Amino acid sequence: MVSITPWMEEFTAAVRAAFGERVYCIGLQGSYGRGEAGPDSDIDVVVILDQLTPRDIKVYQALLAALPHRAEVCGFLSGKGELLGWEPSDLFQFYHDTTPVWGSLDELLPRIGPEDVDRAVCIGACNIYHMCVHNMLHEQDPSILKGLYKSAAFVLQAKHFGVTGQYLRRQGDLLPLLSPEDRGILEISLALKKRALAEGELEPLSERLFLWAGDLIRKGA
Numbered sequence: 001m002v003s004i005t006p007w008m009e010e011f012t013a014a015v016r017a018a019f020g021e022r023v024y025c026i027g028l029q030g031s032y033g034r035g036e037a038g039p040d041s042d043i044d045v046v047v048i049l050d051q052l053t054p055r056d057i058k059v060y061q062a063l064l065a066a067l068p069h070r071a072e073v074c075g076f077l078s079g080k081g082e083l084l085g086w087e088p089s090d091l092f093q094f095y096h097d098t099t100p101v102w103g104s105l106d107e108l109l110p111r112i113g114p115e116d117v118d119r120a121v122c123i124g125a126c127n128i129y130h131m132c133v134h135n136m137l138h139e140q141d142p143s144i145l146k147g148l149y150k151s152a153a154f155v156l157q158a159k160h161f162g163v164t165g166q167y168l169r170r171q172g173d174l175l176p177l178l179s180p181e182d183r184g185i186l187e188i189s190l191a192l193k194k195r196a197l198a199e200g201e202l203e204p205l206s207e208r209l210f211l212w213a214g215d216l217i218r219k220g221a
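Just so we're aligned, residue 1 is where the sequence shown starts under the UniProt record's numbering, counting upward by one.
Think of the hints as simulated: they come from the structure by calculation, not from any bench. Accuracy of the hints is not assured; some may be wrong.
What the hints assert, rightly or not - Okay, the calculated beta carbon distance ranges per label pair:
#  : residue 1 : residue 2 : range
1  : Val59     : Ala191    : 37 to 47 Å
2  : Leu63     : Pro204    : 14 to 24 Å
3  : Leu109    : Gly200    : 37 to 47 Å
4  : Pro39     : Ser104    : 49 to 59 Å
5  : Glu115    : Leu84     : 26 to 36 Å
6  : Asp141    : Tyr167    : 44 to 54 Å
7  : Pro100    : Gly200    : 21 to 31 Å
8  : Pro204    : Glu115    : 27 to 37 Å
9  : Gln140    : Ala17     : 24 to 34 Å
10 : Arg70     : Gln140    : 49 to 59 Å
11 : Ile57     : Gly147    : 21 to 31 Å
12 : Arg16     : Leu137    : 45 to 55 Å
Stated by the list, open to error - Keeping only pairs whose Cα atoms sit at most 30 Å apart, straight-line, the calculated DSSO-like set for lysine-lysine is:
#  : residue 1 : residue 2
13 : Lys219    : Lys193
14 : Lys194    : Lys150
15 : Lys219    : Lys150
16 : Lys146    : Lys193
17 : Lys80     : Lys194
18 : Lys150    : Lys80
Please read these numbers as outputs of a predicted model, since none were measured by experiment. We put the CB at the ideal spot given by N, CA and C, even for glycine.
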């Protein structure tokens, strides 16, 4: 695992040195941001500039190449105007899953309403349903199924927020608050972050996720 605090300090200094006053926000997302990182976790960083040009992308690419743990780095790079105009249902998860280390994302909050949270749940469930069917029919790929269970965890965070107004960043904290069916899906999602699918699990876990997503879609109709 990466010692994320000193790495983020080095990263933040490099971004500010490269872009100066043009930096709107620098943040950390994902498992490192939630304090749930494991040995295989990516470093999900967020950089928002006043605007983003093709040259900026090249500068950022060179900046990352000079940092340690380059292979683990992923994340989101954007201009401020594009972010403020982004699909609000996407902004819900983006805002709540980002820990700013420089600047703020609070300007996003007025753009995210209750209907956008509901839309995040619906779109997430629809995407999981579609890809689950596709994988069952065509790919039979365990890595795709693992990714879908990861997406299901985000859907459950949004669903819980829509009901309670409370966003729990640490997905493990959500477990005792869920219905038995939702809890079962999240338990599988968290387990699959730490291990590969065992032999014989692909079909039953695919069927379970397919049925769960379909039920969520129908209830939202």
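Violated constraints from the hint list, given by number and in increasing order: 2, 4, 5, 6, 7, 9, 10 and 17
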